[in-house]
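If you read the sequences in order, they're chains A and B.
Take the first sequence: its position 19, counted from the start at 1, is 27 in the working numbering, and no numbers get skipped.
Take the second sequence: its position 277, counted from the start at 1, is 285 in the working numbering, and no numbers get skipped.
Be a bit skeptical, because a hint or two may be false.
Computed cross-link-like contacts, EDC-like style, restricted to lysine to aspartate or glutamate with a CA-CA straight-line distance of at most 20 Å [stated by the list, open to error]: (1) A:Lys256 / A:Glu239; (2) B:Lys398 / B:Glu415; (3) B:Lys81 / A:Asp84; (4) A:Lys447 / B:Glu47; (5) A:Lys222 / A:Asp192; (6) A:Lys419 / A:Glu434; (7) B:Lys398 / A:Asp148; (8) B:Lys125 / A:Asp86; (9) A:Lys81 / B:Glu63.
A short, non-exhaustive set of chain A residues, derived as facing chain B with CB atoms under 8 Å [to be verified]: (10) Leu28; (11) Lys48; (12) Glu63; (13) Tyr78; (14) Pro111; (15) Lys113; (16) Asn151; (17) Thr358; (18) Ile373.
Covered, in the sense of this in silico footprint (three residues per stretch, anywhere, with C-beta under 8 Å from a C-beta of chain B), are these stretches of chain A [unchecked claim]: (19) 14–20; (20) 269–282; (21) 384–395.
Hints listed in this document are in silico derivations from the structure and should not be mistaken for laboratory results.
All residues carry an ideal CB built from backbone N, CA and C; glycine is no exception.
Chain by chain, the residues:
Protein chains: 2
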Amino acid sequence: MTNDNDIVKPSILPGFMELLPSEQILFNKMLDTIRYNYEKFGFLPIDTPVIERAEILLAKGGGETEKQIYRFKKGDTDLALRFDLTVPLARYVAQHFSELTFPFKRYHIGKVYRGEKAQRGRFREFYQCDIDIIGNEKLDIINDAEIPSIIYSTFKDLGFKSFTIKINNRKILKGFFKHLKILDSTEILRTIDKLEKIGLNKVEEELKEQGLEKEIIREILEFIQISGTNEEKLKKLNSLEIENDIFKEGLNELKTVNYYVKAFGVPEENYMIDLTIVRGLDYYTGTVYETFLDDYPNIGSICSGGRYDNLAEYYTKQKLPGVGISIGLTRLFYQLNEANLIKFEDSSLTKVLVIPMKGYLDQAIKIANLLRDEDINTQIYLEKGKVGKKFSYADKLGIPYTLIIGEEEIKQERYSLRNMETGKQEMLSIEELLLFLNK
Amino acid sequence: MTNDNDIVKPSILPGFMELLPSEQILFNKMLDTIRYNYEKFGFLPIDTPVIERAEILLAKGGGETEKQIYRFKKGDTDLALRFDLTVPLARYVAQHFSELTFPFKRYHIGKVYRGEKAQRGRFREFYQCDIDIIGNEKLDIINDAEIPSIIYSTFKDLGFKSFTIKINNRKILKGFFKHLKILDSTEILRTIDKLEKIGLNKVEEELKEQGLEKEIIREILEFIQISGTNEEKLKKLNSLEIENDIFKEGLNELKTVNYYVKAFGVPEENYMIDLTIVRGLDYYTGTVYETFLDDYPNIGSICSGGRYDNLAEYYTKQKLPGVGISIGLTRLFYQLNEANLIKFEDSSLTKVLVIPMKGYLDQAIKIANLLRDEDINTQIYLEKGKVGKKFSYADKLGIPYTLIIGEEEIKQERYSLRNMETGKQEMLSIEELLLFLNK
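Modelling step: build the complete structure from the supplied sequences, incorporating the hints.
And the structure:
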């Protein structure tokens, strides 16, 4: 049909992740674990179109978003691909407001698109795994304390041993800057946000460059260095005696969250008040979260989020406060893989490869039917060829067991099950086989 | 922040499906069931980018595809959204050829995009659930017989009672037309394909319009009216004594497939040889499948596919024959819903809503922690308000049980579990509660 010249070199675009099946299986297991935990805590699934009207997705507008968004026309319609799951959530809640029950707890796992500059570890298509709890007019602060318990449960189930959920409240920062009589703290917050990366001296330097007074810088540095246990930090914040409402409100919220995070069963070693956690500058209005792997701080935050006053102001006049988090699974998977933390052995979904000897296909099919009836993931090797090749097929795919069906087996009504890892081979009756493979 | 004029009316584009959570739960259950069955039969997952180079996706080119595809530029790059999962599979297998193990059995569940004319029941974004078995150079015909058993197992698990998998072999059609000395059968096949819809008389009419000789038309009509059991149909095909290789090859394949479909455990009433099944005119080269709900023939085929000689000729010189099927879940879900075949009651994923009475939040959280530790999907109602409102929240979401935690309960160490459907309320100890909700 085609000649050499017609062949298009098969490749994908830079900045897109594509996995081999053995990797995909583990990626999917992580996705499933996240979904499982989200459902365990009472979140409902939604799924929104990847393509929306550009007008909808860019209602807020401005900043990096507009530059990075995939935007195009189809006919006369100005379209774009979603760049996060929050804007679609806002549109969804505004659109379906009267059909939803509040507080509305939803999870959404899906791909989002950002035409970023291609660089290692940055993806243009990536999975986000989001949960949000949306209130109608108001939403209790206890919700902010439940969120860390969901993060904890999820990352435990994902197999992580040591990680820390860092918690802060932006009202405390806001009140603190009000107390310092700083009207626009944007630049300062941007600097504080980099503390972990650049260190205290560099932060001081940057603050100087911003033209702040010496005394102000001293107070900022003192503030962000507040240390000790969570209780000690709260005490020190109290002792600052900052007398504005927003600071006090933030401090009270943080106290409540700190108390109930413990009540929700998150161990002390897995969460921590950190006054330098800032998060997206204009979106969050109260509690904020970031999560770090203790042994791999360079990976950065693996799960972040926070409280916001008003989810959907661009689409409705309803006031919809909420709190939520997001796990960027594509980037997380990439980073874990780079750090050699993902084990690809034993990832096979298929439990057994049935290998029919010549002339015994009918019997092999019969036995495969029985295995599948018992929900045992089973493949039959249907191609002709040498037995060695068939064993090596199971080996290459990491299928843990092979089952030979031939003359001897049919005569004895016992079948040779081979453990592909140990090489051990046993003759089992159908009943024994089902019992063994079902466990 | 915003005033009235700034509000963008929240809506999605026509031709896109968006579900409420209660619907989404059932949609996801169907997706999970399909995935579960695909894995049971030994298929491996892959996931490819939604965006690919237009050159890749349009390598084959021509036809409806080019008109319907979402295509756009980002910088200088000519991009498009995938319009099916087969072209990405071809590219994937060609690209990763040396890293894959053949026969390569893969499943892929994902969204695809077609900018079709908007009309009821047609979607521009929809889920496809595909499996394919790809051989290197060759692929045994028995694979073609295993496919119907996967369709059968999947649709049984989806809860369908009566459906028929119709099977044909395009080589038989090809050989038959060769025997009639018809070189280009495209138009005739297009007409035959409509038999179910337009009836025999209309088919005859159309064939006349195409200028075919009377005798030829008679033979075609006789051929497509071959009836009886599967065995009788095969016998009649035999008795036609058509002496060309392609016809004989097709007939032999169909005989083999017919024999082994039975061996794979598909009941007689769920499959049928149908010589009028044609499928996509230029893609399939051997066995073809279509699946119909017996009680809802108007829904059309709910699962189709077939055998092809060469998957990836546009991307590699490797010869890669394969066989596969696809379920278009978005359309199927829509059609089932239209036919009132989807029951939205009892779709809640959450098993129990814990309702703390005033002053008993700490204890309620403690008990919710215990339930979640036992993998019981649990929500705590954290907002303040009247108890009636909290019960009605559970009711609206279809949560089957509520658990009240208050003074009496804590004193007695027994907790009131209310069955929201029957209204029956019982006082249970923690052990009884876990046992009851875990079943």
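A quick look at each hint next to the structure:
For the hint pairing lysine 256 (chain A) with glutamate 239 (chain A), the CA-to-CA distance comes to about 16 Å; that is within 20 Å, so the pair holds. Between lysine 398 (chain B) and glutamate 415 (chain B) the CA atoms are separated by roughly 18 Å; this keeps the pair inside 20 Å, and the hint holds. Annotation: proposed proximity of lysine 81 (chain B) to aspartate 84 (chain A) holds, straight-line Cα distance about 16 Å (limit 20 Å). A C-alpha spacing of about 17 Å is found between lysine 447 (chain A) and glutamate 47 (chain B), which places the hinted pair at or below 20 Å, so the restraint holds.
For a cut-off of 20 Å, the pair hint linking lysine 222 (chain A) to aspartate 192 (chain A) stands: about 18 Å separates their Cα positions. Restraint check for lysine 419 (chain A) and glutamate 434 (chain A): satisfied, since their Cα atoms lie roughly 16 Å apart, inside the 20 Å limit. For the proposed pair lysine 398 (chain B) and aspartate 148 (chain A), the alpha carbon gap of about 14 Å is at most 20 Å, so the pair holds. The straight-line distance between the Cα atoms of lysine 125 (chain B) and aspartate 86 (chain A) is roughly 17 Å, inside the 20 Å bound, and the hint therefore holds.
Proposed proximity of lysine 81 (chain A) and glutamate 63 (chain B) is supported: the alpha carbons are some 19 Å apart, at most 20 Å. Annotation: leucine 28 (chain A) was flagged as interfacial toward chain B, and the flag holds, the nearest CB pair being 6 Å apart, inside 8 Å. Hint on lysine 48 (chain A) holds. Least Cβ distance to chain B is approximately 5 Å, under the 8 Å limit. Below 8 Å, beta-carbon pairs count as interface contacts, and glutamate 63 (chain A) has one with chain B at about 6 Å; its hint therefore holds.
A least Cβ separation of about 6 Å between tyrosine 78 (chain A) and chain B falls short of the 8 Å threshold, and the interface hint therefore holds. Against a cut-off of 8 Å between C-beta atoms, the interface hint on proline 111 (chain A) holds, since the closest Cβ of chain B lies about 6 Å away. For lysine 113 (chain A), the interface hint holds, since its Cβ comes within 8 Å of a Cβ in chain B; the closest pair sits about 7 Å apart. Annotation: interface hint on asparagine 151 (chain A) holds; nearest CB of chain B at approximately 6 Å, less than 8 Å.
Interface hint status for threonine 358 (chain A): upheld, as the beta-carbon distance to the closest one in chain B is roughly 5 Å, under 8 Å. For isoleucine 373 (chain A), the suggested interface contact is upheld, since its CB lies about 5 Å from the closest CB of chain B, less than 8 Å. Coverage of the stretch 14–20 of chain A by chain B holds [criterion: at least 3 residues with CB-CB distance below 8 Å; count 7]. For a cut-off of 8 Å, the count of residues in the stretch 269–282 of chain A with a CB near a CB of chain B stands at 3, and the three-residue condition holds.
Coverage of the stretch 384–395 of chain A by chain B holds in this model, with 8 residues showing a Cβ closer than 8 Å to a Cβ of that chain against a need of three.
The structure meets every hint from the earlier list without exception.
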